[in-house]
Amino acid sequence: MTMTTALTTRPSKAQQAGVDLLRIVRINEEIKAVVGVAFKINIMALNAIFLAKRAGTAARGFGVLSNELRVFSQDLRDGMSALTTHIHACVTEVSVVLQDIRHTALLRQAVEQSSAACGPAVLAAREVENDRHAERLARLRKQLRAALDDAFRMVELGGVLAKSAKIEAAYGQSFAVPLAQVSGEFDGVVEEIRASLESLRRSAFFTGN
Amino acid sequence: MKKTKTIFQDGNHKWVAIVRDPDKPNYLIDTNEYLVTHGSQGILLDPGGAEVFPAVFSALSSEFDPSALSAIFASHQDPDICSSLALWLEFNPKMRCYVSWLWSSFIPHFGGTAETFIAMPDEGLDISLDGLHLQAIPAHYLHSSGNLHLYDKLAKVLFSGDVGAALLPPGDDGLFVENFDAHIRHAEGFHRRWMGSNEAKRRWCERVSQMEIDMLCPQHGAIYQGADVQRFINWFDGLQVGICGS
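Top to bottom, those sequences are chains A and B.
Here the first sequence stands for residues 1 to 209, where the numbers follow our numbering.
Here the second sequence stands for residues 1 to 246, where the numbers follow our numbering.
Please keep in mind that the hints were generated in silico from the structure rather than gathered at the bench.
This list has only true hints and no planted wrong ones.
Away from chain B, derived, C-beta distances all over 12 Å, residues of chain A:
#1 Ile43
#2 Leu46
#3 Ile49
#4 Ser95
Covered stretches of chain A (chain B as the covering partner; in silico rule of three or more C-beta atoms under 8 Å from a C-beta of chain B):
#5 102–109
#6 122–136
Heads up, the beta-carbon is just placed ideally off N, CA and C, and yes, glycines get one too.
Same shape as in the complex, but just chain B (with noise of 0.2 Å):
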C-alpha cells in the first residue's frame, strides 16, 4: 500500500501526497499522486494507471472519501496518469476529469462519457474546487504536446507532472529532496530525453519564476521545497533537453 502524506494543511485546505508502493513491481515506473481537498471537495492530481489503483485507492481512501472525489485534473495522456479513470469512476460516475483540449478523445480510451471531460484550453485554466481557486497553467510539449500543471496560489504548491521528475535508484525514497545537487543527477537523463522543447522549457521557467512556489511536486522522484524551487528552475532553464543518445 502506498504512504500518504499531508504536505500543506490550512484548515480544510489540504495538499496529501500519495507515494512510494513498496509492494509495486518493479516493472511499473513509480508514480506520485496529489490530492487537494477544499471544504468537502477533493480533486486528485494525475491519479495514476490502472495497475496502481488499489495502492492509491487504499491510501487516498485513508484521508478522504473517494467518492467526495469531484475531479481529476489529467496534465497529460500517458497511461501512468490516468488509465486508471474507469475505475475513478465507478465511485463517483459524475466525477469530471480535466485534460487539455489536444488529449479530450485520446483519454477517453481509458474510460468515461462525453460529459466527463472538461477540455482545457492551450492558455490554461482557471478551476474552482468548494471555492478555491486553481489554475492550470501551460506546460506544453514538457513532455506531452498538450500538457499543463496546476498551481495553487493560496498553498503556493506547483504540481508538475513531470517537469522536475526523477528516477530515484533503490532505497533512495525520501519524499523531497534532500541534497540537490545529489538528486538532480537523477533527473538530468529523464529531462534531456523526455523534454521535447528548449523553447517550450524556457517559456515555462519564464512563467513559473513569477509565481510564489513553496514546493514543486513531480509526479516521479521527490518534491523540491525551499530555495530547491528555484534552483530547479534555474538548473532547468540551463539544460539542453530534446536530446537522445550520448
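One chain only, chain A, in its complex shape (with noise of 0.2 Å):
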C-alpha cells in the first residue's frame, strides 16, 4: 500500500493551524483596535478645522493641514475595513484547515486500522482538497500582508502630515499653543496607530514560523 501524505501528515500540523488561529485573532483585535483610533482622528481633525477658522489667516497652512488629516482618517478606515475583509476571510480559511486537519486525522486512523481497498485513494483525494485550502491560506496570507503594506504607507504619510501640521502651529501666533497641542495629538495617535500596524506586519502568521 502506497503512503500518502496524508497518512503520515503530523499532529504539528494541526498546533501549527490552532496557532495561526489564535494568530489571527490577535491581528483582528490589534486592527478592531486601529480603527477604534482612526475614528479619533477623525473627530480630532474635525476639532482642528474649527480652530484653524477662529485662528484666521495666521493658521490657514494648518487649516489645510487638518482638513488632509480628515481625508486622512477616512482613508485609513477604509483601509482598516479592506483589512477586516481580508482577516475574516483568513480566520474561516484556517478554521477550514483545522477541520481538514482533524478530518484528515479520523480518515488516516480509519484506513490504517482497516483493509478497505478503497481508503488510500479517499485519502489522497482529501489530500488534494486539504492542499486547495492551503493554498488558499496562503494567498489570503499574501493579500492581507499586502493590505497592512498599503496601510502602513497611509500611516507615514499621516505621519509625514502630522508633523507638518506641528510646524504650521508655531505659526499660529496668538493661538500657536492650542494648535501645538492638537497637531502634538495628531502626531501621538498617527505614531500609536504606526506602532501597532508596524508590530502587525512583523506577526509570525505571515511568516508561518
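Join the two chains into one complex using the hints; note that each chain is given alone, in its own frame.
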C-alpha cells in the first residue's frame, strides 16, 4: 500500500493551525483598536479645522493640513475595513484547515486500521482538498500582508501630515499653543497607529513560524 | 478496534452489529452501530460520532466495502448518532442520509449537502435497499422529538435507537441480554430520564407489540432476543418516564 502524505501528516500541523488561529484573532483585535483610533483622528481633525478657522489667516496652512488629516482618517478607515475583510477570510480559512486536519487524522486512523481497498484513494482525495485549502490560506495571507503594507504606507503619510501640522502650528501666533497641542495629539495618535501596524507586519502569522 | 458480529443472515441479506471497542476512551458513551446489507447495497444505522469513526469504519470494512454504502439511517440528531457523517461521505459523496424531517436542517451541521438528506415524515417511511423492504417507524419523543426506528420484516429485527438502551458496567459486555432482570436495572434510570413522554411510550409499545420481532437492537447496551423482546416491551410499558431526580 502506498503511503500518501495524508497518511504521514504530523500532529504539529494541527498545532500550527491552532497557533495561526490565535495569531489571526490577535491581529483582528489589534486592527479593531486601530479602527477605533482612526475614528478618533476624524473627530480631532474636525476640531482642528474649527480651531484653524477661528485662528484666521495665521493658521491657514494648519487648516489645509487639518483637512488633509480628515481625508487621511477616512482613507485609513477604508484601509482598516479592507484589512478586516481579509482577516475574516483568513479566520474562515484557518478554521477550514483545522477541520481538514481533524478529518484527515480520523480518516488516516480509519484507513490504517482497515483493509478497505478504497482507503488510500479517499485519503489522496482528501489530501488534494487539504492542499487546495492550504493554498487558499497562503493566498489570503499574502493579500492580508499587502493590505497591511498599504495601510502602513498610508499611516507614514499621515505621520508626515501630523509633523507638518506641528510646524504650521508654530506660525499660529496667539493660537500657536492650542494648535501645537492639537498637532501634537495628531502626531501621537498617528505614531500609535504606526507602531500597531508595524508590530502586525512582524506577526509570525505571515512567516508561518 | 470494534468487533463485528453477524446477528442475522439469509443469503446476501445480513444484519451486522458493530460493537464494543476496548480502546474507546471512557469519557465517550459506548455505541452500537448496525450494518444492514442486501445484494450489493448496505445501509448503516446510527453510524456514531466522529471520534469513534476510525473504530467503526475499520470494523465495517472488514465485512463490507464502505464505498458501497448507499445510505445512513439516523434515528435522531444526537452527536453520538451521526456526527461522523462528513467522514462517511468522503467515501461515498452520493450516500443518502435518512433522518426525521424535524432534523433535516440541523444534521447538515455535521456535513453533507442538500442532496444528501432524505427527510422522513412523522408517520415513517418505506426504505428500499436493493429490493429489500425496510420500514422506518415512528418513535417520536423516545427520546428525541423527531425519532424513528427501523424495522426489517424479513429478518424480524427492529433497530430501536435509544429505546432498550442500557448503560452497562465495565466488564458487562455481552452482545445479547442473558439475564433480563439483572440487565434491566442498567436500563431503568436511562429510560426514566431520557424518555420524555408516557403517551409516546404507550403508543410505541402498542405499535411494536403488533410486529413480529426476534431481535430488538438498541444503540447502547445489549440486544434483546426471543422472549426478552416482549419482556422488554411489557417492562417499558409499565415504566413511568420523563422523570428527573429521585
